[in-house]
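J.: Each chain is listed here by its residues.
Protein chains: 2
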Amino acid sequence: MGDVLFERLCIIGPGLIGGSIARMARARGDVARHIVTTAKSQASRDRVRELGFADTVAETLAEAVQGADCVVLCVPVGVYAKVMEEIGPHLAPGCILTDAGSTKSSVVRDVRPHLGPGVRFVPAHPMAGTEHSGPDAGFPELFQGRYCIITPLEDTDPGALGKVRAMWERAGSMIETMDPATHDKVVAMVSHLPHLIAFTICSTADDLAEETREAVLKFAASGFRDFTRIAASDIDMWRDIFLNNREALLEMLARFSEDAHALGRAVRYGQAEFIEDRLARGRKIRRGLIERKQA
Amino acid sequence: MGDVLFERLCIIGPGLIGGSIARMARARGDVARHIVTTAKSQASRDRVRELGFADTVAETLAEAVQGADCVVLCVPVGVYAKVMEEIGPHLAPGCILTDAGSTKSSVVRDVRPHLGPGVRFVPAHPMAGTEHSGPDAGFPELFQGRYCIITPLEDTDPGALGKVRAMWERAGSMIETMDPATHDKVVAMVSHLPHLIAFTICSTADDLAEETREAVLKFAASGFRDFTRIAASDIDMWRDIFLNNREALLEMLARFSEDAHALGRAVRYGQAEFIEDRLARGRKIRRGLIERKQA
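Protein chains in written order, with this note's numbering: chain C, 1 to 295; chain U, 1 to 295.
Hints in this document: simulated from the structure, not taken from any laboratory.
Honestly, I wouldn't trust all of these hints.
Same chains, same names: a pair is fine if it fits in one copy or spans any two.
[As the list claims (entries may be wrong)] DSS-like, lysine-lysine: derived pairs with alpha carbons at most 25 Å apart:
#1 293 with 218
#2 218 with 284
#3 82 with 40
Excised from the complex, chain C in its bound form (with noise of 0.2 Å):
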């Protein structure tokens, strides 16, 4: 066991990922010394109080952050700004502030303008999560084996980047940086696509006449089944990732548009080689997976 590295770790939104990080701390006891947490809502609040995977469970922001060494925004990054307006002024200097949000652009541009100094910001992306969300969804093993992405900003200070990457190496997880905006372009393509494409196909079976669409769910196993496993997760955070990767989610999905009405075309014209051509490429890529063992 290392050093411990934070004295009092505050994580702000104990869900899925936020008490999945209090659990896996609490578990291995090298991460903080005290753990601190809270929620927008009563209940959540008395619930965490319930569960017990905090130390402390604050009733506002400014106390929750109080005299932390270590901040961890775990909330939908669509209240990102909000936050930061009310935590911003109470933030110790020397402070490490980091995040779990799904999409770093915009995170980096609504946590930026409220950094008191002193404050030292990592933003990171632990790529990991379940369809279940709140209080009762995480468990410390969560982040094991998964890749938590850090996009350091110019200015990130070597000591907190040092210190965040060894948090999350302790949670299991392997480490990858990179810059805001390839990120952002990366997830939009393997993550937040998918998902807009999920929740698209449940939508359009649940447009169906009630007749067709009381059938589709009774074959869903062919495939369609396979789609609406990721169309579960949590809404607000959803909603908050597709309005805050905009431009790389549009791009992939007028990319993916394009490709998929040139398929369908040349399912009506019956382009049997140009078909046999997209098939291919599926079998290759997932080919690619499988070598990768990331299949």
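Starting from the known structure of chain C, fit chain U onto it as the hints suggest.
T.: Chain U alone, transformed into the frame defined by chain C:
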């Protein structure tokens, strides 16, 4: 064990589906006394002889169907017309002709003109599969707990229908009957559109600049991976499905495409409520599957 259903069961195309039917019939003993098969390539015929899941491996289609009281077409739907042209004249009066094709209107269109007098045609579609193909891919349990949709025609013989139904029941399937057009719409939505989307998103990823594509493969676990799984399926089979369920597939693609663009537009203009509504529908459909134990 009930009465043996068929004296001589002929399976045209001993791949994933045909090979699984043969293995299932072998394992049970009450489906057929004698199992005949044939494949287009010498290599496949040799491989089936090595694997030994058929009693006879015929060299030609005509020889294969000779004296069979049940023939099951398990080839890509695009070659049905050609296969029927060859076997039509050799089917014995009273013979039951059935199939395992994923489209049904095109199958009826391609098979009916070649039916000799007394041949009893029962179109069927076992909704089971894996991403593997070829003589080695099959296994006797493939159809257990899966639906088999039978699409009888107005003039389908009830006795023949009963025997085909019994074969699939013995394979462990749940039987549904519907008309070919309804079948084609339902599978377009539950299976063909999801496959078209999965193949497309893979080719979209494949077109990305080298660096981004590598990152996509690396971080695929966040949703993209779930789409690639179904994109590994057999190319000939899927080309033929797309081309032979054109109308229904293009209709479902158009609906999906409108919905994806509507969601993209809401992202562009920051319409949070519209986005939330779509996300909520995704969860609703997913919940519907869980309630039906189809998740």
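J.: Could you check the structure against the hints above and give me the numbers of any it violates, in ascending order?
T.: The structure conflicts with no hint, since it agrees with every one listed earlier.
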